[in-house]
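Trainee: Take the sequences, apply the hints, and build the full model.
Given next are the chains, with one letter for each unit.
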Amino acid sequence: MTQIALSNLGKKFGSFTALAQMNLTIGDGEFVALLGPSGCGKSTTMNMIAGMVDPTEGDIRFDDRSILDVPMSRRGVGFVFQNYAIFTHMSVRENLAYGLRAQGVSASERNRRVNAMADLLQLTPMLDRRAAGLSVNILQRLAIGRSAVVEPAIFLLDEPLSNVDAAFRSVMRSELKALQRQFSQTLVYVTHDQLEAMTMADRIAVMDHGKLLQVGTPLEIYNNPQDVFVARFIGSPGMNILEGTIASSDEGKLVDLASAGRSAPLALSDRAASQGLPEKVLFGFRPEQVNPDPNGTMALPVNFVERIGARTILHLGGDGLEAKAVLDNQIAMPSIGDILRFSIDPKMVRLFDPVSGIAIGGDI
Amino acid sequence: MRRSLPFEFLRYAMILLIIAISLVPTLWMLSMAFKPIAEWSASGAALTWWPENPTLDNFRFIFGQSSSELIVSLERTAARPIVASLLAAIVGTLIAMTAGTAAAYGLSRFGKGNNLPLALIQLRLFPPMAVMIPLMIMWSFLGLIDNWFGLAVVYGIVTLPFAFWLMKTFFDDMPREIEDAALVEGCTRLRVFAVITLPMMRPALASSALFVFIMNWSDYLIALLLTTRDWVTIPVYMTSLSSSMTGQLYGAKAALGLIAAIPPVILGIAIQKHLVRGLTFGALKE
Chain D
1 MTQIALSNLG
11 KKFGSFTALA
21 QMNLTIGDGE
31 FVALLGPSGC
41 GKSTTMNMIA
51 GMVDPTEGDI
61 RFDDRSILDV
71 PMSRRGVGFV
81 FQNYAIFTHM
91 SVRENLAYGL
101 RAQGVSASER
111 NRRVNAMADL
121 LQLTPMLDRR
131 AAGLSVNILQ
141 RLAIGRSAVV
151 EPAIFLLDEP
161 LSNVDAAFRS
171 VMRSELKALQ
181 RQFSQTLVYV
191 THDQLEAMTM
201 ADRIAVMDHG
211 KLLQVGTPLE
221 IYNNPQDVFV
231 ARFIGSPGMN
241 ILEGTIASSD
251 EGKLVDLASA
261 GRSAPLALSD
271 RAASQGLPEK
281 VLFGFRPEQV
291 NPDPNGTMAL
301 PVNFVERIGA
311 RTILHLGGDG
321 LEAKAVLDNQ
331 IAMPSIGDIL
341 RFSIDPKMVR
351 LFDPVSGIAI
361 GGDI
Chain E
1 MRRSLPFEFL
11 RYAMILLIIA
21 ISLVPTLWML
31 SMAFKPIAEW
41 SASGAALTWW
51 PENPTLDNFR
61 FIFGQSSSEL
71 IVSLERTAAR
81 PIVASLLAAI
91 VGTLIAMTAG
101 TAAAYGLSRF
111 GKGNNLPLAL
121 IQLRLFPPMA
131 VMIPLMIMWS
141 FLGLIDNWFG
151 LAVVYGIVTL
161 PFAFWLMKTF
171 FDDMPREIED
181 AALVEGCTRL
191 RVFAVITLPM
201 MRPALASSAL
211 FVFIMNWSDY
221 LIALLLTTRD
231 WVTIPVYMTS
241 LSSSMTGQLY
251 GAKAALGLIA
261 AIPPVILGIA
271 IQKHLVRGLT
281 FGALKE
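Heads up: the protein sequence lines correspond to chains D and E, in order.
Residue numbers for the first sequence, in the working numbering: 1 to 364.
Residue numbers for the second sequence, in the working numbering: 1 to 286.
Keep in mind the hints are simulated off the structure, nothing from the lab.
All C-beta atoms, glycine included, are put in the ideal place defined by N, C-alpha and C.
There may be inaccurate statements among the hints.
Between beta-carbon pairs, the in silico distance windows are [unchecked claim]:
1. D:Gly14 with E:Val131: 37 to 45 angstroms
2. D:Pro237 with E:Gly113: 39 to 47 angstroms
3. E:Gln272 with D:Arg101: 28 to 36 angstroms
4. D:Ser236 with E:Arg11: 48 to 56 angstroms
5. D:Ala166 with E:Gly268: 38 to 46 angstroms
6. E:Arg176 with D:Ser91: 18 to 26 angstroms
7. D:Ala166 with E:Leu27: 52 to 60 angstroms
8. D:Gln103 with E:Leu221: 52 to 60 angstroms
Mentor: See below:
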């Protein structure tokens with residue numbers, strides 16, 4: 001059981017900065033997802049924790065002990081790779097036993113643990129088959145089992161589910177979570193799939209361009225993005241961001257969205273009120289919060305209607321004022337070219353600074 | 001897609017022509033090896049495509065048994081050259097593969113840039129003669145002339161760039177994660193190499209070794225310069241199969257050629273499974 005602390009961690013490859021000023025503490029037994037688009041530095045961070053890559057700045061500590069000079073074979077971490085990295089010339093059993101053998105665990109103990117792990121991951125029927133001919137889904141189970149069997153205090157998974165098929169992915173999500181509960185390791189999970197991060201992680205760390213943008217529970221990240229990038233990246237589709245100017249009315253301040261209309265009077269938090277608002281803002285709202293309303297103060301033309309089964313996504317607007325709306329199928333659906341009038345609950349509006357992209361006033 | 005009839009005809013004609021060009025010399029050798037002297041020598045009646053009176057005389061002859069028809073006695077039999085060829089080619093292949101694999105692994109995993117690998121292949125751009133004459137003097141000084149070991153060392157050096165380059169591309173193609181996975185489980189680099197990397201490289205090792213072996217086995221020039229009498233190899237020995245009376249001893253040469261073809265063919269069949277996988281190694285990754 002180990003706590004991982006990254007302080008001012010940075011990595012440069014020549015003149016390219018892969019990661020800068022990363023500060024993150026991952027608690028003992030915590031499940032943290034590093035989430036971001038490809039090239040955001042999440043895998044680099046992971047590889048530095050494992051010791052495959054040396055940082056150019058900063059420190060990594062396991063329980064207050066710096067491990068920078070500990071070679072990767074001594075760090076005692078389990079690592080699952082995106083492309084499994086199964087030893088194809090060995091049988092499933094030999095693969096599972098590999099780590100235990102390297103640690104010099106006795107044969108009887110080795111057998112017991114390999115069999116237990118095979119049982120848990122339903123690999124028992126193929127224990128004595130060669131790994132070369134197995135399906136992708138089984139290979140990934142085996143990769144997870146091979147790392148988990150040595151019961152590492154720290155378990156690192158680098159996009160383990162991105163190559164498996166969709167049905168199996170949802171099975172593995174619940175199995176991985178169950179596995180982590182059982183062994184209660186400190187677990188770091190790299191992914192670009194927000195669904196995986198949302199469903200499994202205790203906390204999510206959102207990264208982009210080598211920077212850590214926000215750390216929080218899945219709901220915190222979803223409800224109160226600290227940054228325009230996080231707002232757009234989380235949610236499917238992501239948050240709508242419209243450029244607007246602050247205007248005053250009898251009922252208080254509101255946002256003028258040019259041809260899209262005006263927002264309802266803002267429900268400003270004390271902090272935002274005391275901070276004062278810039279003249280121009282980015283007006284953010286979730287597509288799910290679009291509330292069709294004949295008396296609504298906002299209006300955008302419908303461009304495209306995307307039916308995804310239970311719900312329908314409307315693509316609205318154009319000319320820099322683009323938004324999406326997710327609506328239930330029960331309501332009367334506008335068709336392309338119609339103007340959709342709608343309102344947004346003021347409590348659900350998030351404002352961002354147009355220059356820095358940072359959220360204004362935290363919770364509004 | 002349907003192609004026109006003349007096109008198809010032309011296509012098959014070309015294929016047949018190419019097959020004929022590559023197969024006829026081999027078939028000619030096969031047929032020649034079993035012909036009695038009357039059927040292959042100029043003094044004989046008429047040249048035939050297929051032996052009319054098949055015989056093993058040619059084989060008996062090169063192993064020292066003179067026949068009544070061929071009143072030529074050989075200075076040496078083929079037995080010693082076959083041993084010399086086998087020793088020099090096998091040991092040379094071992095040297096090239098051991099050094100080449102080790103160098104390729106090191107440069108593939110820890111090397112920077114391409115200068116060193118390119119410098120190695122550049123060695124092969126020299127005309128062999130430019131290197132062989134000084135080498136001959138060196139070898140003579142070291143007492144390695146006409147010695148199977150001296151020849152094997154040169155074979156190892158000469159084929160090292162090929163072994164190195166083949167193995168380097170195979171190592172480059174191997175996903176690094178596999179070794180990282182083994183390292184992170186607590187293994188030393190050396191153990192990972194022995195237990196994970198080398199066994200996974202078996203197909204690559206087999207096809208590279210076969211390639212290198214064939215190069216060594218079919219060498220003529222180096223053996224001609226470095227061996228004189230006791231340790232001449234098969235190709236050098238073959239040139240001695242002629243006489244002032246009958247000219248070239250084609251039957252004997254064909255018999256020896258047939259024997260010389262055996263080791264590569266056996267090796268090829270033995271590692272056929274690996275050979276195909278080795279050749280497609282890079283293409284089959286996800």
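Trainee: Does each hint fit the structure? Answer for all of them.
Mentor: Structure-based check of each hint:
no.	hint	in the structure
1	D:Gly14 with E:Val131: 37 to 45 angstroms	holds, 39 angstroms
2	D:Pro237 with E:Gly113: 39 to 47 angstroms	holds, 46 angstroms
3	E:Gln272 with D:Arg101: 28 to 36 angstroms	holds, 33 angstroms
4	D:Ser236 with E:Arg11: 48 to 56 angstroms	holds, 54 angstroms
5	D:Ala166 with E:Gly268: 38 to 46 angstroms	holds, 45 angstroms
6	E:Arg176 with D:Ser91: 18 to 26 angstroms	holds, 23 angstroms
7	D:Ala166 with E:Leu27: 52 to 60 angstroms	holds, 58 angstroms
8	D:Gln103 with E:Leu221: 52 to 60 angstroms	holds, 54 angstroms
Comparing the model with each numbered hint stated earlier shows that all of them hold.
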